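Peer 1: Given chain R, put chain Z in place with the hints provided.
What follows is each chain in one-letter form.
Protein chains: 2
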Amino acid sequence: MKKFVNDPKNYVPEMLEGLALANPDTLRYVPEFNLIMRADAPRDDKISIVQGSGSGHEPAHVMSVGKGMLDAACPGDVFSAPPTDYVLETIKRVASPRGVLLLVNNYTGDRMAFEMAQEFSEAEGTDVRTLFIDDDVSVQDSTYTVGRRGVAGNFFVMKAVGAAAERGAGLDEAVRIGEKVNSVTRTMGMALTACTPPAKGSPLFDLPDDEVEMGVGIHGEPGRRREELQDADAIVRELVDAVADDLPFTSGDRVALMVNGLGGTPISELYLVYGIARHLLDDRGIEVGRNYVGEYCTSLDMAGASITLSRLDDEIAELLADPAETAMRVF
Amino acid sequence: MKKFVNDPKNYVPEMLEGLALANPDTLRYVPEFNLIMRADAPRDDKISIVQGSGSGHEPAHVMSVGKGMLDAACPGDVFSAPPTDYVLETIKRVASPRGVLLLVNNYTGDRMAFEMAQEFSEAEGTDVRTLFIDDDVSVQDSTYTVGRRGVAGNFFVMKAVGAAAERGAGLDEAVRIGEKVNSVTRTMGMALTACTPPAKGSPLFDLPDDEVEMGVGIHGEPGRRREELQDADAIVRELVDAVADDLPFTSGDRVALMVNGLGGTPISELYLVYGIARHLLDDRGIEVGRNYVGEYCTSLDMAGASITLSRLDDEIAELLADPAETAMRVF
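Quick note, the sequences are listed as chains R and Z, same order. Going by numbering that gives the first Met the number 0, the first sequence opens with residue 0, and the numbers climb by one from there. Going by numbering that gives the first Met the number 0, the second sequence opens with residue 0, and the numbers climb by one from there.
Bound-form chain R, shown alone (with noise of 0.2 Å):
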């Protein structure tokens, strides 16, 4: 396994401690619930936002904890829910008094983690509402999941719901646009390789160098179906093919359009995909009015990338127009 790795067990506090080493003036982290929070949450003025799911997708979502992003992030092990006691201790952290909304991918483990901390905390008096994201076109039912997947679709619902809460949103308000922005959004990925989750230290599945996974889940999860390798034109054909198809997104619309690399492509890659697609959404008529090109949601050193569409409204374009603030700043 080549890795920057001590020991596994250790992978992921070690890079949550680095997270908070290299941003000691905006996050606070708190080991024993792995527990990523921006350092001026709660307000008392501002809803709360919390993500929490299995680690190995950075930067979702301990590196999108921020001003206009998340209050907050609780990330289980790699590729692991976080266990129900993480969620409830982050959501009591960052309680607001005008309420706590959570962000959950659509993933059995964490759909139960989250449900039942949302219980407790309500029994506790804390006003929460919770988000399930659901974006990914590939596959309805999978290994983990029951219904469609979320994957970095999920960016944009973080995005808008973040911009909204600084905004002065109410729970009730960033429910709806946040029900908006997933019901707008689908995603399609694709594996060029498997990638190597440190505890176990090899491939997490069999992937032979003439053939593809069309669809993956951002877990290694079985997609559509195994491909041949094709040229850069085929491949993003396809995957344009079944989002845009999806929704459908028609001749007309206005979208944002994200091309996310999936941990082990390079970001020259990435730019010249987002040019194929480019073409073909010009093809369909649908204007791209907001890109992203990067990593987003990743699966640990998978080469690949997936296509996110999200269908823009004024209302979604301003808010993920709204400046935000995480570690994951460049320059």
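To be clear, the hints were calculated from the coordinates, so they are not data collected in a lab. Heads up, some of the hints might be wrong.
Any copy will do: because identical chains look the same in the list, a pair fits if it lies in one copy or spans two.
Below, in silico cross-link-like pairs of lysine to any residue (SDA-like), each with a Cα-Cα straight-line distance of 25 Å or less [unchecked claim]: (1) K45 / R27; (2) K1 / E237; (3) K1 / H278; (4) K91 / R166; (5) K199 / Q229; (6) K66 / R27; (7) K91 / D126; (8) K1 / R223; (9) K1 / F204; (10) K66 / P23; (11) K66 / P322.
These figures come from a predicted structure and were not determined experimentally.
Peer 2: Structure of chain Z alone, referenced to chain R:
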């Protein structure tokens, strides 16, 4: 070769086209010269700053064009210096009456192309100065280099002179600042895996599963030595020791610390590396006043990382803190 690529000959132009399509308001792409420039360059009131190098190091340098950073970048093909006429044309198109500053990483091919282009430009009446960057402590001379190589530390020079230029610095002042930053900046990298250039289609060098290359160059050049794969603590200690002992950085120094991924290493591992490096610097009494964790100067899909230290004084710290706006936004 598991990559998003069509005809490998078009890898760079397709990447650049995608980059330009994603940034229509701020960047201009001139395909005939592989040229990416700011839409508002040249400006009469500001020196222009140009960097070129081989491609395959993105976001260096085409994704570092923008306010507070470069005015233009003219990349060559993957790991190849840009042709002199590309550099010459780039200088022409962004020539400001206040002059043009060329930033050149110290490789023989890049030096030749830029030195010739500078001569031609000066003959045509443009005021041109060049800064060479040579921050890599790994080896003295190398496959493509007389003297030390220029690697990720280049970012600090680019950011400081970019900020100074926005503040109104003339050529002399920018050269003074850039030389100062280069003189206090040191880097060493290491490869966990080789990288695969699209035109080659196979790994650039052989690196057994249980070995790493300490001090690797960003084109896969040999470093100090091959050694057995060790845990993250041991690898990071070797990098930090090599870098800190070189200048040397000593107790009481305030530094910027960069953990730079080489393309195939996920951000989770980079933060883990950051935490280790931070503790080692604490032990040495070196204060980290500013940090950068992410990809700045990559080697295609190589797994690995480099560590850079740059000694801060008040002037450099202020310039590094100035805003910059490039394609590499996140949220």
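Peer 1: Taking the hints in turn, state whether each one holds.
Peer 2: Right, here's what the structure says about each hint:
1. K45 / R27: within (18 Å within a copy, 41 Å between copies)
2. K1 / E237: between (31 Å within a copy, 17 Å between copies)
3. K1 / H278: between (37 Å within a copy, 23 Å between copies)
4. K91 / R166: within (23 Å within a copy, 46 Å between copies)
5. K199 / Q229: between (29 Å within a copy, 17 Å between copies)
6. K66 / R27: Intra 13 Å, inter 32 Å, cutoff 25 Å: intra-copy only.
7. K91 / D126: For K91 and D126, the Cα distance is within 25 Å only inside one copy (11 Å; across copies 62 Å).
8. K1 / R223: Classified as between: cross-chain Cα gap 19 Å, same-chain 29 Å, threshold 25 Å.
9. K1 / F204: Both: 16 Å inside a chain and 16 Å across chains, each within 25 Å.
10. K66 / P23: within (15 Å within a copy, 27 Å between copies)
11. K66 / P322: both (8 Å within a copy, 17 Å between copies)
Consistency note: the structure conflicts with none of the earlier hints.
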